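2 protein chains.
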Amino acid sequence: MNAETLKGHLDLLLLTALEAHPAHGYAIAETLRARSEQAFDLPEGTLYPALHRLERAGLLASRWSDQSGRRRRVYHLTAKGRRALVKRQRDWLDFARAMRAVVGVQA
Amino acid sequence: MNAETLKGHLDLLLLTALEAHPAHGYAIAETLRARSEQAFDLPEGTLYPALHRLERAGLLASRWSDQSGRRRRVYHLTAKGRRALVKRQRDWLDFARAMRAVVGVQA
DNA sequence: ACGCGTGGCATAGCATAGCGATGTATGAAT
DNA sequence: ATTCATACATCGCTATGCTATGCCACGCGT
Numbered sequence: 021m022n023a024e025t026l027k028g029h030l031d032l033l034l035l036t037a038l039e040a041h042p043a044h045g046y047a048i049a050e051t052l053r054a055r056s057e058q059a060f061d062l063p064e065g066t067l068y069p070a071l072h073r074l075e076r077a078g079l080l081a082s083r084w085s086d087q088s089g090r091r092r093r094v095y096h097l098t099a100k101g102r103r104a105l106v107k108r109q110r111d112w113l114d115f116a117r118a119m120r121a122v123v124g125v126q127a
Numbered sequence: 021m022n023a024e025t026l027k028g029h030l031d032l033l034l035l036t037a038l039e040a041h042p043a044h045g046y047a048i049a050e051t052l053r054a055r056s057e058q059a060f061d062l063p064e065g066t067l068y069p070a071l072h073r074l075e076r077a078g079l080l081a082s083r084w085s086d087q088s089g090r091r092r093r094v095y096h097l098t099a100k101g102r103r104a105l106v107k108r109q110r111d112w113l114d115f116a117r118a119m120r121a122v123v124g125v126q127a
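Protein sequences, first through last, are from chains A and P.
So the first sequence is numbered by my numbering: it starts at 21 and just counts up by one.
So the second sequence is numbered by my numbering: it starts at 21 and just counts up by one.
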C-alpha cells in the first residue's frame with residue numbers, strides 16, 4: 021500500500037479501530053493490520069502524529085496507563101468522535117460508490 | 021467531496037477517463053462529473069496540474085487541437101499509461117477491499 | 001457597445017497529511 | 001549480553017490537491 025493511497029482515509033480507520041473499545045496506539049495498529057489482512061501496516065511516523073491530531077481535534081481523548089512499568093497512552097472516542105465516525109463512514113461509502121461508478125465493476 | 025478524500029486516487033480517475041478515447045481537459049472533467057453523478061467535480065487547479073504531472077511522468081501525451089480558434093490540449097494514454105491504469109485499478113480494488121474489511125459492510 | 005456566462009487553459013502559493021529516520025525506554029527471550 | 005518485540009515521540013521532507021487569479025474566445029442579451 022503506497023503513500024498517498026491512504027491519504028484522507030486514515031482518520032476513518034483510526035476511529036473505526038476505537039469504535040468497540042479504547043485502545044493504545046500499538047494495539048490500534050495491530051487491529052488494523054489484522055482486520056485488513058496485512059494491507060494496512062501503519063508506520064509509527066504515521067500512526068502517532070495522527071492520533072495526536074485527532075485528539076487535538078477533540079475526536080479522541082487519552083489517558084496514560086501504567087501496567088507493570090509499560091507506559092501506554094490509551095485512546096477512546098469522544099462524543100464528537102463518534103459523530104465524526106458516522107460522518108466519515110458515510111463519506112467513505114459515497115466516495116467508494118462514486119469511484120466504482122467511474123472506474124467500473126467491483127471485484 | 022472534501023479535499024483529501026481524492027488524494028492518491030485522482031490519477032486513476034484521469035487515466036480511466038482517457039481509457040476509451042482521447043479527450044481534452046475540460047471534457048475529462050465533464051466525463052468524471054457525469055459518470056460520478058456530480059460527486060467528482062474537479063476544480064481547474066486540480067485538473068490541469070494533474071494532467072501536466074501525468075504527462076511529465078510519461079503516462080499521457082498531448083497535442084494541441086485548434087478547431088475554429090478554440091485551442092484545446094487533447095490528451096491520450098501512452099503504452100506506459102495503459103499499464104499504469106491496470107496497476108492503479110488493481111491497487112484501488114485492493115485498497116477498497118481492505119477498507120471494507122476494516123470499516124464494515126458495504127452499502 | 002458592453003457585460004456576462006460558458007468553454008478552455010495555466011500557474012503561483014498554500015495547507016496538509018503521511019512517511020522515513022531517528023531517538024528513547026522497558027521487558028522477554030536466547 | 002544481546003536481540004527482539006513492545007511502545008511512544010518528533011523532525012523534516014515530499015507530494016498533492018485546492019484557492020485564487022489571470023488570460024483568451026465565443027455567443028447571447030440588453
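No lab work stands behind these hints, which were simulated from the structure alone.
None of these values were measured; they are calculated from a predicted model.
Mixed in with the good hints there might be a few duds.
Identical copies look the same in the list; a pair holds intra-copy or inter-copy alike.
DMTMM-like cross-link-like pairs, simulated, lysine to aspartate or glutamate; straight-line CA separation at most 20 Å [stated by the list, open to error]:
#	residue 1	residue 2
1	K27	D114
2	K107	D86
3	K100	D61
4	K27	D61
5	K27	D111
6	K107	E50
7	K107	D31
Quiz prompt | Copy assignment of K107 with D86, given that the CA separation must stay at most 20 Å | solution = neither (33 Å within a copy, 46 Å between copies)
Quiz item: Can you tell me if K27 and D61 fall within 20 Å by alpha carbon in one copy, between copies, both or neither?
Solution: Both: 14 Å inside a chain and 19 Å across chains, each within 20 Å.
Quiz item: Is it within, between, both, or neither for K27 and D111, if the alpha carbons may be no more than 20 Å apart?
Solution: Answer is both: 14 Å inside a copy and 14 Å across each meet the 20 Å cutoff.
Quiz item: Is it within, between, both or neither when you check K107 against D31 at 20 Å Cα-Cα?
Solution: within (11 Å within a copy, 26 Å between copies)
Practice problem: Indicate which option fits the pair K100, D61 if close means a Cα-Cα distance not exceeding 20 Å: within, between, both or neither. | Solution: neither (26 Å within a copy, 29 Å between copies)
Self-check item: Up to 20 Å CA-CA - D114 versus K27, copy category
Solution: both (16 Å within a copy, 15 Å between copies)
Exercise. With 20 Å as the alpha-carbon cut-off, assign the pair K107 and E50 to within, between, both or neither.
Key: Answer is neither: 24 Å inside a copy and 27 Å across each miss the 20 Å cutoff.
When each numbered hint is compared with the structure, violations occur for hints 2, 3 and 6.
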